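Following the hints, position chain E against chain L.
As you go down the protein sequences, you meet chains L and E in turn. Under full-length UniProt numbering, read the first sequence as residues 1 to 200, first letter to last. Under full-length UniProt numbering, read the second sequence as residues 1 to 352, first letter to last.
Bear in mind the hints are in silico, worked out from the structure with no lab data behind them. These numbers come from a predicted model, not from an experiment. Among these hints, one or two may not hold up.
As the list claims (entries may be wrong) - Taking lysine to aspartate or glutamate pairs in the EDC-like style, the calculated list, with each CA pair at most 20 Å apart, reads:
| hint | chain 1 | residue 1 | chain 2 | residue 2 |
| --- | --- | --- | --- | --- |
| 1 | E | LYS281 | E | GLU123 |
| 2 | E | LYS46 | E | ASP111 |
| 3 | L | LYS79 | E | GLU58 |
| 4 | E | LYS184 | L | ASP33 |
Said to hold, decoys possible - Covered stretches of chain E (chain L as the covering partner; in silico rule of three or more C-beta atoms under 8 Å from a C-beta of chain L):
| hint | segment |
| --- | --- |
| 5 | 102-110 |
| 6 | 179-185 |
| 7 | 211-219 |
| 8 | 292-304 |
Said to hold, decoys possible - Here are some, though not all, of the chain E residues that point toward chain L, as calculated from beta-carbon distances under 10 Å:
| hint | residue |
| --- | --- |
| 9 | ARG20 |
| 10 | GLN41 |
| 11 | TRP44 |
| 12 | LYS45 |
| 13 | ASN47 |
| 14 | VAL50 |
| 15 | ALA56 |
| 16 | LYS60 |
| 17 | ASP120 |
| 18 | MET124 |
| 19 | ARG127 |
| 20 | TYR200 |
| 21 | ASN223 |
| 22 | VAL224 |
| 23 | ASN225 |
| 24 | VAL227 |
From the three backbone atoms N, C-alpha and C, an ideal C-beta is built for every residue, glycine too.
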Amino acid sequence: MSEEQTNNPYDSFRRLSVMWEKGLNDILLTSLDNKELIRMTNLGVGMHSRYIQRLKRNQELMANMMNIPTKRDVASVAKLTVQAEEKVDTLQQQIWTLQDSFTLANKEQQQFIKEMMEFNQKLNKEWEKLSTDFTEARKLTGELKKLKKELTASEEIKAALEDVKKELVHLRETKDEVDQLKKLLKKEKEEAVLITGGTK
Amino acid sequence: MAAITKCKLPVTNLETERDRWRNLYKVLNEPKPEIVPSPRQAVWKKNKSVLWYYPAQEKKYDIPLFLVYSLLNKPYILDISEKNSVVGNLTKQGYDVYMYDWGSPGLEDKDISLDNYLLDYLEMAIRVALRHAKAPEISLVGYCIGGTLSAMLASITDLPIKNLVLAAVPIDYSNFILPDKWVKAIQSGSLSLDQMIDAYEVIPSEFLYATFLALQGFNIGPNVNLVTRGHDHTYVDKWRRMDKWTKDAVTFSGSAFKQMLNDLYKDNKLVKGEMVIGGKKVDLSNIKCSLLVITSTRDELVLESQSLPVMDLVSSEDKTYQLEEAGHVSICLTGQFAFAVAPWLETRSNLN
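In isolation and in its complexed conformation, chain L is listed as follows:
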């Protein structure tokens, strides 16, 4: 079996450079990793720092002599702006705290009002209930009065009935008397017949 490949020079170039890069970096890492170089770097850093410091000092001196502002002067002014910004930030934070407390107070107030309204609604409902009860009680009182009246009326009827009863008793007594009279009359009649028959 055979495979045909088109050789791309860019691919080869890339692969080769990756290999070179890796190799060079390894060499670099090994050569850099020594104490002497570190000591030299430390010395170099020190020297360079002193040079920069001297340069800055001289720059300041020259600027002072020529009476021209330096970067340091500009920085001092810029710092004032930053300070002003910081003050604004502090103020903003205080405003936020105030806003938060207002919001909280507002919420509490709203809650209180809500509770009050609920209480009021309840009170209203109770009142309505009470007034309904009161109306009913009134109605009941009226009915009671009516009943009372009816009761009074019934007492009168009772009295009348008792009168009637008495009259009835009286009538019965009268009736008894009438019956007795009747009996007496009958007896007298019979006696009269007997007397009449005896005399004949």
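Structure of chain E alone, referenced to chain L:
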């Protein structure tokens, strides 16, 4: 049967070659590309720092993201192009994104220390973002030194940080990318940059750029790639953006630089629990929020061994470690970072 490979001479494709050399000519002669940021709004400014707000294209999550990039470079690498923007891809996924640009300090900022950066700048910026977003909590996403600062802040602040994402984050400085003897010299104090820092007051951007180049050694790879893939317009565009960003270095406040070198690189105080910020001891075990740590397989600037210890130092119960197939810069340059954090964040960002 053994395979026999026959090599053929390349057939030159004239069109490809024309594109390649035309693009190379452009790189050498034309001005660097203009970086157009995603739609954004400055929410807060302090000194040279700016808090940018990138609204979600279609808001899906209640918890916004707060990106903290390194103090050593400019953060626009997170929004380098429309297609490969980390920020853009996050906003597309429905997150409101805040990104903090530290700015480039001037001489007037020489006394800004890490304490100031954390308490007066970063903490305040997060407070502003929380207020602006009207969100109860926030996800803090720190990259490189930005991650170190985010971890420090998360362990001393009372801010409601729901999720903490640390990517390519150096936490343990017992070993870093310098040769062993240099590491030991720095740790023992036999190599000190204090005098130089005092002399310069503010570390010039050229110094940081030179350090960045020196750390990479013989870094001919990008230039070789430019030649070999010069016909690919997309690659060349990406390369030019990357090139612009690499050379667009920032200055560094002397006080913060000295503090970083001595407290972190020399004394490794963060891991030892001896770091003090604003009078408060930085104890990483105070971190209890959900944590995601991301490292990259080809990261040549921050070692995996520098990031891993944070997993054991925090108290978070919900913690995830994620290894991405990428490099230190390429994870941001390609926008891959957005897709690396998204699956973890989406379950922890309160879908609305």
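Cross-check of the supplied hints:
1. E:LYS281 - E:GLU123: Holds - the C-alpha atoms of E:GLU123 and E:LYS281 are around 16 Å apart, at most 20 Å.
2. E:LYS46 - E:ASP111: Between E:LYS46 and E:ASP111 the Cα gap is close to 15 Å, so the pair holds against 20 Å.
3. L:LYS79 - E:GLU58: 41 Å, violated
4. E:LYS184 - L:ASP33: 11 Å, holds
5. 102-110: With 5 residues closer than 8 Å to chain L, the segment 102-110 of chain E meets the three-residue bar; holds.
6. 179-185: holds (count 5)
7. 211-219: Three-residue rule met by the segment 211-219 of chain E, so holds; n is 3.
8. 292-304: Our answer is that it is violated, as 0 residues pass the Cβ test (under 8 Å) against chain L, missing three.
9. ARG20: Since chain L brings a Cβ to about 9 Å from E:ARG20, closer than 10 Å, the hint holds.
10. GLN41: 18 Å, violated
11. TRP44: OK, holds: E:TRP44 within 10 Å of chain L, min 9 Å.
12. LYS45: At 8 Å from the nearest chain L Cβ, E:LYS45 passes the 10 Å test, so the hint holds.
13. ASN47: 5 Å, holds
14. VAL50: Violated: closest Cβ of chain L sits about 12 Å from E:VAL50, beyond 10 Å.
15. ALA56: At 24 Å from the nearest chain L Cβ, E:ALA56 fails the 10 Å test, so the hint is violated.
16. LYS60: Violated: closest Cβ of chain L sits about 27 Å from E:LYS60, beyond 10 Å.
17. ASP120: 7 Å, holds
18. MET124: Since the shortest Cβ distance to chain L is 6 Å, the answer is holds.
19. ARG127: 8 Å, holds
20. TYR200: 6 Å, holds
21. ASN223: With a closest approach of 9 Å, the E:ASN223 hint holds.
22. VAL224: 4 Å, holds
23. ASN225: Interface hint status for E:ASN225: holds (7 Å vs cutoff 10 Å).
24. VAL227: 7 Å, holds
When each numbered hint is compared with the structure, violations occur for hints 3, 8, 10, 14, 15, 16.
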